[in-house]
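As given, the protein sequences belong to chains A and B, one line each in that order. So in this note's numbering, spot 28 of the first sequence is number 28, and the numbers just go up one at a time. If you count the second sequence from 1, you need to add 1000 to reach this note's numbering.
Just so you know, these hints were derived from the structure itself, not from any lab. Incorrect hints may have been included.
[As the list claims (entries may be wrong)] Calculated pairs, DSS-like style, for lysine-lysine (alpha carbon to alpha carbon, straight line, at most 30 Å):
id, chain 1, residue 1, chain 2, residue 2
1, A, K42, B, K1014
2, A, K59, A, K42
3, A, K59, A, K69
4, A, K57, A, K68
5, A, K42, B, K1009
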Amino acid sequence: EDQVTQSPEALRLQEGESSSLNCSYTVSGLRGLFWYRQDPGKGPEFLFTLYSAGEEKEKERLKATLTKKESFLHITAPKPEDSATYLCAVRRGTSYGKLTFGQGTILTVHP
Amino acid sequence: NAGVTQTPKFQVLKTGQSMTLQCAQDMNHEYMSWYRQDPGMGLRLIHYSVGAGITDQGEVPNGYNVSRSTTEDFPLRLLSAAPSQTSVYFCASSRGFEGSTEAFFGQGTRLTVV
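Work out the full structure: start from the sequences and follow the hints.
Structure, rendered in structure tokens:
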């Protein structure tokens, strides 16, 4: 059974204080690890897809990395508008349309 | 480009009532899915479809029914609503080829069963 665990559950940062969110996973035949951002009352918004260990992707203040057991979402010099819930999900094999999600990390950035 | 559209945004049902949550996508995606999101539990897969006429169960399918008669639409039916089905429901769609498999989500339907 695929499992995804995110930590911490909640993270409070001061503006400019860099940190990382963790996503640990157990899946047979990983064929994609996905990061999403979710704002209150909204649907998840796609950020990154990582396919293989060692892969990295960046977007503005966010950088996602992947190892064989976990992924990190690094946030550099965050701003209040980065406050959101960040979700991690995995897909196995050819199971298109089937994602297994972690419970999310609630990030709050104070000015 | 509308993406994934869900209706209604909010709904209150009485126990035992039935209803259909609508989902439509205009991206010609083969794959569509329904998830429910509950506090502290993340998103859980209810049903999914790999194309018109083909559906399968996800992690939490009991009490829900789906069909897919067209590529664009994937409605979710609650057969006899129960308070345990109070949740936020999200519909998603995606392509089916490597390098472009991210799922796009609708804005959600917040359902309360009393």
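Okay, the hints, checked on the actual structure:
At most 30 Å may separate the alpha-carbon atoms for a hinted pair to count; A/K42 and B/K1014 meet this at roughly 25 Å. Restraint check for A/K59 and A/K42: satisfied, since their Cα atoms lie roughly 21 Å apart, inside the 30 Å limit. A hinted pair counts as satisfied when its Cα atoms are at most 30 Å apart, and A/K59 with A/K69 qualifies at roughly 23 Å. Pair hint A/K57 plus A/K68 holds up; C-alpha atoms about 16 Å apart against a cutoff of 30 Å.
Among the hinted pairs, A/K42 with B/K1009 is consistent with the structure: their alpha-carbon atoms are about 10 Å apart, no more than 30 Å.
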